[in-house]
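In case you want the letters, here they are:
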Amino acid sequence: MYQYDSFDRQLVSERVEQFRDQVARRLRGELSEEEFLPLRLQNGIYLQLHAYMIRVAIPYGVLSSKQMRRLAYIARTYDKGYGHFTTRQNIQYNWPKLEDLPDILESLADVEMHAIQTSGNCIRNISADQLAGVAADEVTDPRPYSEILRQWSTFHPEFAHLPRKFKFALTGSEDDRAAIAFHDIGYRVVVNDKGEEGFQIFVGGGMGRTPMIAKEITPFIHRKHLLSYTESMLRVYNGYGRRDNKYKARIKILIHEMGIEEYRQRVEEDFARAKDGAMTLDDAEIDRMKAFFAPPAYEDLPATDANVDTLVAENKRFGQWLDRNVEDHKQQGYSIVALSLKTKGVAPGDVTADQMDEIARLADEYSLGIMRTTHKQNIVFPDVRKKDLPALWDELKRIALAEPNIETITDLICCPGLDYCALANARSIPVALELTEKLDDIDYLHDLGDLRLNISGCINACGHHHAGNIGILGVDKKGEEFYQITLGGSSKSDASVGKIVGPAFSADEIVPAVENVLETYTENREEEESFLDCYRRIGMAPFKERLYANN
Amino acid sequence: MRIIKGQEIVEDQWVHVEDEQPLPEGDVIISLARWQAEKDTLIGRNQGGLGVRVSPDYHAEDIADDLEHFDVVALDFPVFRDGRAYSTARLLRDRYNYEGEIRATGDVLRDQLFYMFRCGFDAFEVRADRSIDDAIKAFSEMTVTYQPATDEPLPLWRRRA
Ligand code: SF4
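If you're matching them up, the sequences are chains A and B in order.
Position one of the first sequence corresponds to residue 155 (my numbering), numbered consecutively onward.
Position one of the second sequence corresponds to residue 210 (my numbering), numbered consecutively onward.
Check each hint, because a few of them may be wrong.
[Said to hold, decoys possible] Non-contacting residues of chain A with respect to chain B, defined by C-beta distances greater than 12 angstroms in every case (computed): (1) M155; (2) E415; (3) E416; (4) D542; (5) I553; (6) C575; (7) E588; (8) N678; (9) G693.
[Claimed, not checked] Straight line, CA to CA, 30 angstroms or less: simulated BS3-like cross-link-like pairs of lysine-lysine: (10) A:K251 x B:K346; (11) A:K369 x A:K646; (12) A:K319 x B:K346; (13) A:K631 x A:K319.
These are calculated hints, taken from the structure and not from any lab test.
A virtual CB, placed ideally from N, CA and C, is assigned to each residue, including glycine.
All chains should be modelled from the sequences, with the hints used to inform the complete structure.
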């Protein structure tokens, strides 16, 4: 992974000192809360319903065991003993005290972490495919470019006050695991027919109250122009994005109103003048970055392991875990293992300090000390030897992270909702908990197969309900919590936005309603057909009929 | 009034003149609208320097043709959150090679000064209710910059030892 040098270290520690001074001024009353607001926001600190919340950046989801231990320490020392992994591959702490925040940031800086640009109307932490570098279907590893973009966007003076927040995602595979179509800018690393590396770029995707699928702005731009082209894209948005209405300020609205052709033309005009300037990437810099992400020294291992095969035959649960939580690695004899943070009785994405310490230990023992966070709020061990799978499975069961439910309906994404968030219409965590409680028959989950269910507590869609095959959206009906169901969303390469089925359900009705949706699917599906394929074939009507049969 | 100029606090010699007021002698900053309306007479004025005040609704290209007549371009921040003028300043410097003063006016606060400086601003009218002596500390807080900007021609990767 990337290692800080003295420049990176200095930048982060100067930032900590600057913030320490700002907090001191706030505590002495020299800054009002109103004046402090933009300052804390630039350091990833929000004021929630009950307390401050700090969001720590995990750039493109890559985390070392040393860093994970530090996250555990912070959870234990400054919070209530847990942290919450988010849909942006970051981690949030919900209960820090204002006076502790500078120490938290200093502690993070020690392990090359920070909370820079995890909030505010700037370029946010960059996300990328959680299987970057190890996925069997990968063309090019997007992490070196993610790091190049991270550095370029950090404290970019021109783009610190954009019309609205701005999110990048990168992938280097055909199979999109980073939801690039739902980002302000999505990059796919591609290789053209001359063998040159470059980017296919999409712009103007997003969730929120106006969900949109990003549009292609260019099928190929040479990698050396990555930063200049991106800067031109941002400059046009900074100059012309709407600032009169917060809900129309994202770039998706600009693209929608201006049209992708006009936007592209303005970007190309700016780029034509900026091109080949100081920001042009040279091979030396790209190679330097690539070296940080070079594959580790893998052992020469056989493709299969006899012990694994025996255990599969003997133990159905192990087989189910392999089936759902373990993926093929590009290196023979290795596997990619997902730790499910979606277990019964736990808010999706929540991890205790003790679990974090154990995860760090296991990463050291089984995954070369490295792990990834995912936008689906799980953790991935990228480099596990196949022969270690039985031992790792045992260990993960012990700390309740071996639920064999990855990409099943209970691997759901869920925003904090009304339990924490001041903007919420409804609670989302209790709905998630009730669902995982009800749907705890592993055989049934496996029979349902791939099924993405996402929950947001309000139209801001932090729980990505638009991109759920089944989406649940909290709405307010005369002061009561109600829930709408959407169907047919997807964030993969076939991205689509879910459609509302009909009138909302009360808190008591929502889980039975989801069960009705599932039954409609199992009754209508053909052979191995997934939920999404089935929905796309039979359409909304059968679901609607079933859901509103008694009205 | 005291302003920050070249990272020092100085007494300002420029006067903001409203549209309906007659122009006094000396260095004046007028609105872009007035410039556009009275351009012909203003070009011949020889009683002092001329500056224009530009709202962020105008972009660099809107004033590019007239830059030779301005000693000061004052880019206004109606609220600090409105970041359009950062791009305007950069383009004035880097693309239109404007060498006169670029001044930040309006909601100008300590915590934006460094970014403004990096984008080519070299004079700052700190908001009247804030301490200018406090604000000037902003320039020494951060010393590492990753990306090239008006103040720094090279990205950090070309400067790393
Ligand atoms: S979707 Fe709404 S309720 Fe949920 S975290 Fe976002 S703003 Fe809060």
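If any of the earlier hints don't hold here, list their numbers in rising order. none
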